[in-house]
Amino acid sequence: MKAVAYQTSLPIEHADSLLDIELPMPVAAGRDVLVEVRAVSVNPVDVKVRRNRAPAAGEPQVLGWDAAGVVKAVGPDVSLFRPGDRVWYAGAIGRAGSNSEFQLVDERIVGHMPASLDFGAAAALPLTAITAWELLFERLDVPRGAAAQGRSLLVVGAAGGVGSILVQLARRLTGLTVIASASRPETADWVRELGAHHVIDHSRPLGAELRRLGLAPVDYVASLNQTEAHFAEIVELLAPQGKLGLIDDPAALDVGKLKFKSLSLHWEFMFTRAMFQTPDMQRQHELLGEVARLVDVGVIVIVSTVAERFGTINAANLKRAHALLESNAARGKIVLEGF
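One rule links them: number in my numbering = place in the sequence shown (from 1) + 20.
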């Protein structure tokens with residue numbers, strides 16, 4: 021089967037940074053489904069792994085996590101899918117990725133695709149949707165429905181992929197007052213369209229921005245980027261016994277600052293369940309099913325999530341995608357379809 025891989029961590033402009041290769045066809049066993057990959061999207065994690073994790077002994081490593089496709093075969097222990105099912109998923113960090121014609125994925129982290137989306141649009145959503153859902157409902161433990169009324173959530177970096185889904189989930193599925201941060205007029209307008217009650221500018225001190233709007237300290241903060249730069253402000257604006265959830269990689273945080281308010285810190289890493297084969301691993305299957313339903317009934321919109329369609333899945337187009345992500349000029353998800 022065709023695949024795109026790397027054998028050495030190289031700058032993306034290097035001729036051998038990503039290579040078109042042929043690999044043996046995988047065989048489904050246990051709880052694995054064999055998926056014919058129809059579309060993938062490229063995420064910052066693809067770039068981070070390529071830069072920082074050299075394959076063992078020069079073995080080709082296939083990247084790629086977000087994907088949508090069709091189940092071609094199932095292992096003997098599979099009960100959730102059958103051949104012909106249209107599926108979407110974000111994969112596992114420790115296994116061969118989705119930049120290949122066929123991929124093995126544990127059924128417990130795979131969901132049935134939204135019926136209303138094509139493969140390209142579907143491939144743009146799983147990783148961000150899983151991250152947003154787990155951060156909001158499982159790490160921060162926000163209750164669904166009216167139980168959260170009277171409480172507030174600040175989403176720092178709300179116009180990105182995770183933020184755009186998180187704002188919608190919080191506004192439509194909880195009673196929270198949703199405050200979004202965005203630094204440009206167009207992104208501020210975008211998060212308002214997604215449902216944010218208030219928008220502040222994260223290029224300015226966050227606490228001062230809340231006070232400018234007459235807003236009280238917040239109960240929850242979802243910090244999606246630049247947590248280290250905003251940390252002191254976040255501690256200031258969180259209400260006593262508030263919760264901070266983050267997904268980025270700050271070099272250092274002075275967690276002692278959380279003590280006097282009894283603030284709690286929560287990290288979200290959507291690969292944890294698959295990496296450690298946790299007993300609740302199947303929750304990702306379930307939440308992908310719930311997100312698919314919400315997409316199909318129009319509760320979650322993904323318009324503008326797919327910003328670029330880069331053509332077929334091959335080394336040249338994936339190099340373009342990695343280069344765009346490395347430039348920090350990408351807006352929305354980069355999707356590739358077919359081989």
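FYI, nobody ran anything at the bench for these hints, they're computed from the structure. In this text, all values refer to a predicted model and were calculated from it rather than measured experimentally. Ideal placement from N, C-alpha and C gives every residue a C-beta, glycine not left out. Be aware that one or more of the hints could be misleading.
Pair ranges (Cβ atoms, derived) [stated by the list, open to error]:
| hint | residue 1 | residue 2 | range |
| --- | --- | --- | --- |
| 1 | GLN297 | SER136 | 39 to 47 Å |
| 2 | SER284 | ALA336 | 23 to 31 Å |
| 3 | GLN246 | GLN169 | 27 to 35 Å |
| 4 | GLN246 | GLU206 | 15 to 23 Å |
| 5 | GLU213 | GLN169 | 35 to 43 Å |
| 6 | LEU39 | PRO205 | 22 to 30 Å |
Against the structure, the hints come out as follows:
1. GLN297 <-> SER136: 39 to 47 Å: The hint (39 to 47 Å, Cβ to Cβ) is violated, given that GLN297 and SER136 are roughly 32 Å apart.
2. SER284 <-> ALA336: 23 to 31 Å: 46 Å, violated
3. GLN246 <-> GLN169: 27 to 35 Å: 30 Å, holds
4. GLN246 <-> GLU206: 15 to 23 Å: Holds: the Cβ-Cβ distance is about 19 Å, inside 15 to 23 Å.
5. GLU213 <-> GLN169: 35 to 43 Å: 23 Å, violated
6. LEU39 <-> PRO205: 22 to 30 Å: For LEU39 and PRO205 the Cβ distance comes to about 42 Å; the hint is violated.
Violated hints, listed in ascending order, are 1, 2, 5 and 6; each of the other numbered hints is respected by the structure.
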